[in-house]
Amino acid sequence: MTMAEVVLAIDLGTTATKVIAVDRHAGVVTSAEHGYPMRTTPSGEATHDPDEVLNAALTGLREVAAQGHDVRALALTGAMHTLLGLGPDGRPVTPSLSWADNRAVEQTARLRGTEAGLELHRATGTPVHTMSPLVKLAWFAERGFAADRWCGLKDYVAARLIGRLATEHSSASATGLMDLRSLAWHPGALAYARVTADRLPELHAPTDWFPLVLDVPGLVRGTPVVLGGGDGPLANLGVGAVVPGVAAVSLGTSGALRVVRDQPGVDAGGRVFCYAIADGLWVLGGAVSNGGVVAQWAAETFGADVVTLLEEAAAVPVGAAGVTALPYLLGERAPWWDPDASSVVVGLRREHGRAEVTRALVEGVAQQLALVLDAVRSVADVHAVRVTGGAFRSDLWATVLASALGLELEVAEDSEGSGVGAALLGWRALGELSSLTSAADLVKPTKVIRPDEGAVRYYAAARPGVERLYRALRELV
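Take any residue in the sequence shown, note its place counting from 1, add 161, and you have its number in our numbering.
Some hints could be false.
Computed spacing ranges between beta-carbons, pair by pair [unchecked claim]:
hint, residue 1, residue 2, range
1, R554, E303, 15 to 21 Å
2, R510, P198, 39 to 45 Å
3, G567, V507, 19 to 25 Å
4, E267, R632, 36 to 42 Å
It should be emphasised that the hints constitute simulated quantities derived from the structure, not laboratory data. Predicted, not measured: the structure shown is a model, and the values here were computed from it. The beta-carbon is built from N, C-alpha and C at its ideal position, and this holds for glycine as well.
Assemble the whole structure, with the sequences as input and the hints as a guide.
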């Protein structure tokens, strides 16, 4: 067996960490994955044990390194908007709060919708939402809790590998604390969060690296550890959606739509986010909290398996026989950024059953992503879409989304998304990738899903009603 030169990407996800060995042509050589639980409570807690995540990463590194490939570097990525506190010894004194932790709802409500909140959104690129470390820090401060240092979960894992607390502009751009234009911690955001810059990690470029100082079997001390970036921006890189006008859509439990630009900034209404990749590239877009989770919920509720239920729903005509759903089971992010948003199913009649309700939920998710696309298009061109995620194994999800967006979907079935993106950032840091935009030539789609023109017209005509329904429901609930 020929040993390949690889970069090992450490992808710290919400339910598992993957370690992926990627060659300089974006090919995945091997991988290992280890899961862990996310603790949730009725009070809105959604947290991880930082050391469980660290151990999953180290176990995956050992397993992949044991295969004997020539490891040129490590590179990190992970779920965005995480936050944990550290003591003077660098050990965690809090769990790691995930993006889904919504205990800072009061702090969010006070800031969201105000001119100060909109100004912070425009300056930092991060919407005012319970996901944001900005409001999580304010929540901790109002409870009188102080830590010696604060960081994201990826920063903690990196600190154990390199012996210093450092973050990079990509992850930092999703904290609500970094000024997009100066690439420094934003004084107004720090004041709101009641934290000082010396309590936060030092800021670096995503391609900056430090030598490995932790003993990891199979790896050489001193191996470059590239700081990397957030999983959303690096997912664009990993599927080759890094040239203007080509958006990336990921659809798993939740979903997101992002397009690359060469300058930072959000839309005037504050409907989208703006996060850094590297090398002067930024992603503009929005995440939706409800993706494949709606089909999982329907399967649990109706006592069916997901595959069967989606097959039944696929037999229902476009428009779900008059049933419309706002699928906000987990509140909603873009473009409303409303953690209190509730689901609703309207138009339900005696003749309807589980297939119609499921179809309506799927169409509701697709319409939400189409609303995100509308917001993005107010600032940037989008003429093509590359997609990844487990939901696209279903023909229903694929055809409904293509029709709601009104665009062909280029499927990158074999891509590991953000993990490949992190590895490509690693190769760029090593000087062996001429530019990040060259990833568009390295990662090719495996198939194309075309929209149904009749469905395109139906969804476009129905979309304004989605916003009206959301506004009406907000007045009632």
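These are the hints, each one checked on the structure:
At about 44 Å, the beta-carbon gap between R554 and E303 misses the expected band of 15 to 21 Å. In this structure the supplied range 39 to 45 Å holds for R510 paired with P198, their Cβ-Cβ distance being about 40 Å. Checking the proposed 19 to 25 Å range against G567 and V507 shows it holds: the Cβ atoms sit about 24 Å from each other. Roughly 23 Å separates the CB atoms of E267 and R632, a value that falls outside the hinted 36 to 42 Å.
Checked against the numbered hints listed earlier, the structure breaks hints 1, 4; every other hint is satisfied.
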